[in-house]
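Sequential numbering from 530 applies to the sequence shown in the numbering used here.
In short, the hints are calculated from the structure, not lab data. Watch out, some of these pointers could steer you wrong.
The calculated label-pair distances, taken between Cβ atoms and stated as ranges, are [said to hold, decoys possible]:
| id | residue 1 | residue 2 | range |
| --- | --- | --- | --- |
| 1 | Q621 | K644 | 29 to 39 angstroms |
| 2 | P685 | A598 | 15 to 25 angstroms |
| 3 | K636 | S616 | 27 to 37 angstroms |
| 4 | Q696 | Q609 | 25 to 35 angstroms |
| 5 | G702 | S641 | 15 to 25 angstroms |
| 6 | P623 | T682 | 14 to 24 angstroms |
| 7 | N624 | T561 | 40 to 50 angstroms |
The list that follows gives simulated cross-link-like pairs (lysine-lysine, DSS-like), each with its CA atoms no further than 27 angstroms apart [said to hold, decoys possible]:
| id | residue 1 | residue 2 |
| --- | --- | --- |
| 8 | K587 | K644 |
| 9 | K601 | K587 |
| 10 | K601 | K644 |
| 11 | K601 | K636 |
| 12 | K594 | K636 |
| 13 | K636 | K587 |
| 14 | K644 | K594 |
Beta carbons: idealized from backbone N, C-alpha and C, even for Gly.
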Amino acid sequence: MLGLKRLGLLAALVLVGVAPAAAAQAAAQPSTQDTQYLQAVHQVNLFEITAGDLAQQKGQNQGVKDLGAMFKTDHTQLDQTVQQTASQLNVQLPNEPTADQQAVLDKLNNASGEKFDREWVTAQLAGHVQAIQATQTEISQGSEQSVVQLAQTALPTLQAHYDELVQLANQLGIPVPQTSASGTPSPGTSSPAPGGVTESPAPSGGITESPEPGLGTTERPAPSES
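Based on the sequences and whatever the hints tell you, model everything.
Right, dumping it as structure tokens:
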């Protein structure tokens, strides 16, 4: 009987030890906001790497080629951090861009010459606006520090890309999406699903209502001053 009592006490102690450990593990899980941001920014990176290759292969304007090379390099580096962070947090990442992002890539694959340049710049402007907005949302609403830090690191790069795109768009006579005074979303708004469709200004021969390669939100960030 004494042996049974000891076993029962041992079992109780084991259960008492397991419960806090399980609770701590559950508490360590990233929030929906953090998880969705990691998944979405990974898909942005996949899109940008492929779009960067297309710009170098098919771009007619040297500025398009140069930005494509820069975007591929920067987003490849950013994605290394995304994958490391996701692995540490046990967040499963998608294996391919969103359907909307793939539709943009398909459209770019079928374009050539000046039309390709205009469609590429138009899609990149819209995609970077959305990526910046979603990154600002993560910075303000994220709860997992490693993901928030990733967003804080990514934001200056995304903003620099956007500023470069605006300059190139002005050189090529491509309309630039109107930006709001602040890119910060209203409190309580949830992180949008990757991808989305927004009506953007339609340049001659450009995309009129293109699926956005970025993160699905419609507010526009104010570009930083160069």
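How the hints compare with the structure:
no.	hint	in the structure
1	Q621 - K644: 29 to 39 angstroms	38 angstroms, holds
2	P685 - A598: 15 to 25 angstroms	19 angstroms, holds
3	K636 - S616: 27 to 37 angstroms	33 angstroms, holds
4	Q696 - Q609: 25 to 35 angstroms	28 angstroms, holds
5	G702 - S641: 15 to 25 angstroms	19 angstroms, holds
6	P623 - T682: 14 to 24 angstroms	21 angstroms, holds
7	N624 - T561: 40 to 50 angstroms	21 angstroms, violated
8	K587 - K644	10 angstroms, holds
9	K601 - K587	15 angstroms, holds
10	K601 - K644	21 angstroms, holds
11	K601 - K636	19 angstroms, holds
12	K594 - K636	18 angstroms, holds
13	K636 - K587	13 angstroms, holds
14	K644 - K594	14 angstroms, holds
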